[in-house]
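Produce the entire structure from the sequences given, and follow the hints as far as they go.
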Amino acid sequence: KAGVTQTPRYLIKTRGQQVTLSCSPISGHRSVSWYQQTPGQGLQFLFEYFSETQRNKGNFPGRFSGRQFSNSRSEMNVSTLELGDSALYLCASSLGTAYNSPLHFGNGTRLTVT
Amino acid sequence: AQSVTQLDSQVPVFEEAPVELRCNYSSSVSVYLFWYVQYPNQGLQLLLKYLSGSTLVKGINGFEAEFNKSQTSFHLRKPSVHISDTAEYFCAVSAGATGNQFYFGTGTSLTVIP
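So the sequences go chain by chain: A and B.
Under this note's numbering, read the first sequence as residues 37 to 150, first letter to last.
Under this note's numbering, read the second sequence as residues 2 to 115, first letter to last.
I should point out that these hints are in silico values taken from the structure, not numbers from a laboratory.
Keep in mind it's a predicted model, so treat the numbers as computed, not measured.
For glycine and all other residues, C-beta sits at the position ideal for the given N, C-alpha and C.
Misleading hints may appear alongside valid ones.
[What the hints assert, rightly or not] Some, not all, of what chain B presents toward chain A, calculated at C-beta under 8 Å:
{"#": "1", "residue": "Tyr33"}
{"#": "2", "residue": "Phe35"}
{"#": "3", "residue": "Gly44"}
{"#": "4", "residue": "Leu45"}
{"#": "5", "residue": "Leu47"}
{"#": "6", "residue": "Lys50"}
{"#": "7", "residue": "His76"}
{"#": "8", "residue": "Phe103"}
{"#": "9", "residue": "Phe105"}
[As the list claims (entries may be wrong)] In silico BS3-like pairs for lysine-lysine, Cα to Cα no more than 30 Å straight-line:
{"#": "10", "chain 1": "B", "residue 1": "Lys70", "chain 2": "A", "residue 2": "Lys93"}
{"#": "11", "chain 1": "A", "residue 1": "Lys37", "chain 2": "B", "residue 2": "Lys59"}
{"#": "12", "chain 1": "A", "residue 1": "Lys37", "chain 2": "B", "residue 2": "Lys50"}
{"#": "13", "chain 1": "A", "residue 1": "Lys93", "chain 2": "A", "residue 2": "Lys37"}
{"#": "14", "chain 1": "B", "residue 1": "Lys59", "chain 2": "B", "residue 2": "Lys70"}
{"#": "15", "chain 1": "A", "residue 1": "Lys93", "chain 2": "B", "residue 2": "Lys50"}
{"#": "16", "chain 1": "A", "residue 1": "Lys49", "chain 2": "A", "residue 2": "Lys93"}
{"#": "17", "chain 1": "B", "residue 1": "Lys70", "chain 2": "B", "residue 2": "Lys50"}
Written out as structure tokens, the structure reads:
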């Protein structure tokens, strides 16, 4: 079974631009979560989608948004990029609705904002 | 709210020596606990999980962890480490009525010295 796939692996953008990251979950997984990983802050929860609905949202500004499609694939968008948005963005999928379903992570998209 | 504290940011250990990576959590409700490993330029991979039952859980690559409710700890151990165990290790907790919001520790960098 294929794992979680994130595209692209690397992105370089300039301040003020916007970016869209894509995530394809493991087949059959309906929950998709997004995390931002930085050396200083560790993993910070962005949001989680289940059946095209956002169920949970972390403490990030409205510039960060996401959506999930009917096939469970998800996209994350960051508008008006800032230097501090440089990070590894990780997508994770899980089977169920319960919080005891382990997360399965993709290899991430490394975003560099210059 | 839940939080996770990984007490050691860096742990150097000689090859074939035992290792313990410490994790404490805070939560007012029942929790589910996880350890993940991250190799360079990759996403996180599940090592092991505690959902219920026996407090000693065994995972992949010879790792095990013990859930101690009274001390709110979930320390990760391996009796004999290998060079290939060099990686970043994250402790995570999830709890809550809905969704898959996980809280991660800041990580412990394990370096195995030949």
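Status of each hint after checking the structure:
no.: 1; hint: Tyr33; result: holds (4 Å)
no.: 2; hint: Phe35; result: holds (6 Å)
no.: 3; hint: Gly44; result: holds (3 Å)
no.: 4; hint: Leu45; result: holds (4 Å)
no.: 5; hint: Leu47; result: holds (5 Å)
no.: 6; hint: Lys50; result: holds (6 Å)
no.: 7; hint: His76; result: violated (19 Å)
no.: 8; hint: Phe103; result: holds (6 Å)
no.: 9; hint: Phe105; result: holds (4 Å)
no.: 10; hint: Lys70/B x Lys93/A; result: holds (28 Å)
no.: 11; hint: Lys37/A x Lys59/B; result: holds (24 Å)
no.: 12; hint: Lys37/A x Lys50/B; result: holds (21 Å)
no.: 13; hint: Lys93/A x Lys37/A; result: holds (29 Å)
no.: 14; hint: Lys59/B x Lys70/B; result: holds (17 Å)
no.: 15; hint: Lys93/A x Lys50/B; result: holds (24 Å)
no.: 16; hint: Lys49/A x Lys93/A; result: holds (25 Å)
no.: 17; hint: Lys70/B x Lys50/B; result: holds (15 Å)
In summary, the one numbered hint that this structure violates is 7.
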